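Listed in order, the protein sequences are those of chains R and S. Under my numbering, the residue at position 538 of the first sequence is numbered 538, and the numbers go up by one with no gaps. My numbering runs 608 ahead of the 1-based position in the second sequence.
Quick caveat, the hints were computed from the structure, so don't treat them as lab data. Incorrect hints may appear among the rest.
[To be verified] Just the calculated beta-carbon pair ranges, DEER-fashion: (1) Gln547/R to Asp647/S: 20 to 30 Å; (2) Asp696/S to Arg541/R: 32 to 42 Å; (3) Arg541/R to Ser747/S: 54 to 64 Å; (4) Thr61/R to Phe665/S: 29 to 39 Å; (5) Lys544/R to Asp647/S: 33 to 43 Å; (6) Asn646/S to Ile163/R: 29 to 39 Å; (7) Glu29/R to Leu666/S: 36 to 46 Å; (8) Arg329/R to Asn646/S: 29 to 39 Å; (9) Val57/R to Ala944/S: 52 to 62 Å; (10) Leu666/S to Ile515/R: 47 to 57 Å; (11) Glu29/R to Arg635/S: 46 to 56 Å.
As the structure is a computational prediction, the values presented were derived from the model and not from experiment. Beta carbons: idealized from backbone N, C-alpha and C, even for Gly.
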Amino acid sequence: MGSTHTTTALEHEHATHHDHSHHDDHHEESFVSKYIFSMDHKMISRQFLITAVIMAVVAMTMSIIFRLQLAWPGEKFAFINAILGDKWGKDGILDPNMYLALVTIHGTIMVFMVLTGGLSGTFSNLLIPYQIGARDMASGFMNMLSYWFFFVSSAIMLGSCFIEDGPASPGWTIYPPLSALPEAMPGSKLGMTLWLTSMALFIVSSLLGGLNYIITIVNLRTKGMSMTRLPLTCWAFLITAILGVLSFPVLFSCALLLIFDRSFGTSFYLSDIYIGGRPLDNVGGSPILFEHLFWFLGHPEVYIVLLPALGITSEIISTNSRKPIFGYRAMIGSMLAIGFLSFIVWGHHMYMTGMNPFLGSVFVFTTLLIAIPSAVKAFNYITTLWKGNIQYTPAMLFSIGLVSSFITGGVTGIILADSTLDINVHDTYFVVAHFHIVMGLSAIFGMFAGVYHWFPKMFLRMMNKKLGYLHFWITFISAYGVFFPQHFLGLAGVPRRYYTNSNFPMFDNLVDINIIVTVAAIIGALGQVIFLFNFFYSMFRGEKAPQNPWNSNTLEWTTPMANIHGNWPGALPVVHRWAYDYSKPGQEHDFVPQTVPLAEGEHDGGEH
Amino acid sequence: MKLLVLLAIILLIIAGHQLLRIIELSRGLKKTKEWQINDTDNDMMGKAMLAFMILFFLFFFWQINRWIDRSLPAASSEHGVKYDALWDANMYLISFVFLVTNFFLFYFAFKYRGHKNAKAVFYSHNNKLEMLWTVIPASALAFIIIFGLKYWNEIMSAPTDVNKVTVELYAKQFDWTARFPGKDGKLGSTDFRQIGGTNSVGLDTADASGYDDILVKNEFHLPVGREVEMLMRSRDVIHSAYMPHFRAQMNCVPGMVTAFKFKPTKTTAEMRQDPYVKQLMAGINKQREKEGKEPVEFDYVLLCNKICGASHYNMQMTIIVESEQDYNKWMAKQRALKTLASN
Ligand code: HEM
Ligand SMILES: [Cu+2]
Ligand SMILES: [Cu+2]
């Protein structure tokens with residue numbers, strides 16, 4: 001491939017433009033303002049990433065603990081006793097209440113802290129200003145607050161694991177009355193209060209971040225960066241942020257009403273309950289109301305998790321296929337369609353709640369509609385590979401892994417969307433398999449892809465390629481090893497959130513499947529040690545990164561290899577073309593950065 | 609012992625550190641950087657993608673071959689037969705899509721693995737092609753929606769059989785109670801404030817139609833071939849009445865009465881003779897023998913399928929489906945509430 005493209009003439013027109021205040025004042029920053037209360041999008045991005053990595057390790061360890069219990073119920077594990085102590089892991093046997101608590105915190109951390117806060121927080125922060133040619137986020141201060149709310153929220157969630165009665169345990173969906181009544185389970189006492197507090201702070205963080213991302217993309221695009229030249233990453237972050245801003249407030253009200261019911265005796269979600277040996281005063285509320293409010297966020301949430309990953313891989317697949325992304329406009333169109341439709345499908349989580357069946361039919365229809373833009377995206381990725389010149393960076397491997405898991409998990413969504421078919425697999429392991437593959441794996445793969453690809457921009461060093469390869473293959477193979485067999489547990493009727501399958505004789509013949517799943521999970525978890533090593537080691541000792549290691553077109557690779565305030569030392573770059581001119585006929589190199597002016601008669605946007 | 613482990617760990621760290629030093633030093637001598645992707649990498653990874661695909665597909669078929677016989681037996685209810693047919697049709701469809709799209713993905717990943725002298729084709733869109741793959745999934749989905757909703761409306765419609773059996777499933781942490789209406793054919797109304805003592809399901813004592821209601825625990829019976837209307841209630845938190853053999857499920861929500869209807873088509877005795885069920889039970893009993901547990905016979909079960917607390921995993925009830933005569937005999941042995949209370 002061609003040589004590395006370096007700076008453009010524009011960057012030398014120094015000092016003529018002063019469109020941002022502090023990009024060239026060179027005062028020494030204090031440690032605190034540089035590393036802790038930083039308002040720089042690049043530092044905030046790294047803070048989000050490292051916090052998310054730590055949270056992911058915690059959540060993964062939890063999954064190993066409860067997987068051990070599921071594969072070998074009643075067996076004694078010194079490991080479990082060592083981690084949980086005598087109260088929750090007496091003799092090395094996991095306590096049933098703790099099982100539910102671990103499942104709940106695992107799910108909550110994975111969905112919210114890792115794949116919402118971590119994924120969007122890291123990459124929206126890093127890439128939005130870089131890729132649209134802005135000095136920083138619209139509000140650095142709000143951005144800093146966004147991280148610190150996230151940090152406190154994560155800390156409370158972790159802290160709640162160490163209290164007397166244990167953390168929240170009604171599942172990550174926290175359906176009342178289970179979550180509302182301290183009599184119902186130990187996890188509905190203080191642990192639940194902390195969960196709700198943590199989530200309220202998380203929502204604040206997410207809103208501060210989201211508003212900032214939207215405003216930045218809308219207002220701070222550099223000259224020439226029209227919306228139709230915007231890289232798909234930024235499109236994805238924009239739509240994600242809009243979804244978050246519209247849906248998280250609903251979760252907030254949902255949680256607030258639950259707090260009222262828990263602490264102030266209201267009855268939004270409670271009616272006709274007899275528990276702890278006495279009838280409760282609450283009448284007139286409805287737990288179904290909670291479910292509607294929760295899933296009004298909950299469904300968009302899965303796209304909040306997924307879209308950034310899809311945006312990241314669009315960029316990586318195009319760059320490393322050395323081809324334009326196929327159907328750029330269709331990709332935007334399908335993301336917009338997915339974004340819109342994701343607000344009117346929430347009822348597919350509620351077919352079996354006693355909701356009016358006619359309402360169910362409407363949700364069947366809208367849900368299956370959303371499969372169409374999703375299919376278009378998958379086909380477009382595959383066509384982008386076709387006749388490409390694929391460069392197998394670790395990021396590219398994970399991106400292809402994402403497309404595979406997006407398809408494999410997506411097709412079972414068609415079954416679950418069909419209210420009739422949902423009757424028998426709702427809340428079984430079939431669902432666990434589906435959402436882990438389509439949401440968990442795809443988003444995690446997207447996150448890994450992003451880390452490998454943009455590591456040089458974040459830490460100015462390169463990650464080790466061979467370790468990256470090893471990490472990918474272990475992760476990819478074990479991931480399917482964990483989640484594919486779970487479909488078969490679902491076909492046998494195994495419900496989710498069961499502490500053990502051994503109390504129903506009908507599940508006795510599934511022991512070997514559960515063991516395969518757990519063994520694969522352990523191998524996968526060990527594989528992550530390779531990543532952790534590579535990540536932290538490369539941060540300090542990796543090879544120095546050149547300016548544009550992947551020969552990429554987007555603007556972030558025109559910034560100097562130093563984390564400077566304001567991103568570009570001189571004037572902001574001017575954009576002349578879309579981001580996907582890879583292998584364009586008649587060009588010297590197989591990539592043409594967005595800052596290169598169009599030649600006479602040259603067309604933009606994929607025409608030539 | 610602990611000291612030895614500590615020592616071993618320290619030695620390992622030192623060895624690791626030395627190894628890294630050597631790698632780092634040798635890095636300086638090489639012309640190409642470790643992170644740069646060369647043709648060997650591309651070739652290896654491209655081929656690995658193809659190999660993965662083959663293994664993945666083999667794994668897929670291996671699992672089906674090995675585990676599909678552990679799926680639930682064919683449905684034991686009238687609507688369940690249609691459910692199964694719809695399930696199969698959808699499963700074939702999505703398995704086909706899964707195989708074909710994954711094939712193209714991994715095959716292209718292999719075929720177009722990079723090469724120093726290769727150049728990608730600049731191909732940015734094709735409206736016809738994109739239209740094609742919007743329309744094809746759309747029509748497949750139309751088929752799914754039409755059949756899905758047709759069955760859904762049938763399943764969820766109000767019961768029509770004049771001869772129907774009515775049962776109430778009452779859920780609480782952590783067990784089930786089934787309530788039959790007794791001779792008058794009417795379930796007595798309820799009031800959660802009156803729960804307590806022998807009134808475990810909260811019958812309204814002012815309503816005389818509840819006096820002959822019949823409450824059973826652990827096991828209840830149903831006649832074969834008659835429509836069953838199930839009403840569900842909960843005392844405390846949300847539970848879900850899940851009867852997988854009948855393809856039946858409905859949440860039990862405090863403050864609400866939910867419903868599900870179905871018609872059992874096979875008796876428990878018939879199921880025990882069914883060849884598929886026999887092989888299923890053989891597998892189960894083989895495993896039980898290994899664990900030193902008693903062998904079991906097939907039974908229909910009711911499970912709780914909505915997280916409801918510590919013993920969620922153990923909320924069970926057995927359902928016996930039998931002939932009309934046997935059902936009537938069983939029913940005759942049950943005692944009405946009023947007589948229970950007066951004891
Ligand atoms: C390390 C690999 C992982 C393993 C072995 C694993 C395993 C599990 C298991 C066994 C459950 C409990 C299922 C049940 O009883 O209902 C579960 C729940 C869950 N997992 Fe994972 N998981 C992993 C990674 C992830 C990832 C990456 C995500 C991100 C989306 C995720 C999200 C969830 C959610 C949302 C739940 C539901 C929690 C609840 O029921 O409240 N998991 N996981
Ligand atoms: Cu959804
Ligand atoms: Cu229950």
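Here is how each hint holds up against the structure:
1. Gln547/R to Asp647/S: 20 to 30 Å: Given range 20 to 30 Å: holds, Cβ gap about 24 Å.
2. Asp696/S to Arg541/R: 32 to 42 Å: Because 56 Å falls outside the window, the suggested range is violated.
3. Arg541/R to Ser747/S: 54 to 64 Å: holds (56 Å)
4. Thr61/R to Phe665/S: 29 to 39 Å: holds (32 Å)
5. Lys544/R to Asp647/S: 33 to 43 Å: At roughly 24 Å between Cβ atoms, aspartate 647/S and lysine 544/R fall outside 33 to 43 Å, so the hint is violated.
6. Asn646/S to Ile163/R: 29 to 39 Å: violated (54 Å)
7. Glu29/R to Leu666/S: 36 to 46 Å: Given about 57 Å between the Cβ atoms, the range is violated.
8. Arg329/R to Asn646/S: 29 to 39 Å: holds (35 Å)
9. Val57/R to Ala944/S: 52 to 62 Å: holds (60 Å)
10. Leu666/S to Ile515/R: 47 to 57 Å: The hinted range 47 to 57 Å is violated for leucine 666/S and isoleucine 515/R, with Cβ atoms some 20 Å apart.
11. Glu29/R to Arg635/S: 46 to 56 Å: Once the Cβ atoms are compared, 32 Å apart, the range 46 to 56 Å for arginine 635/S and glutamate 29/R is violated.
In this structure, the hints that do not hold are numbers 2, 5, 6, 7, 10, 11, in rising order.
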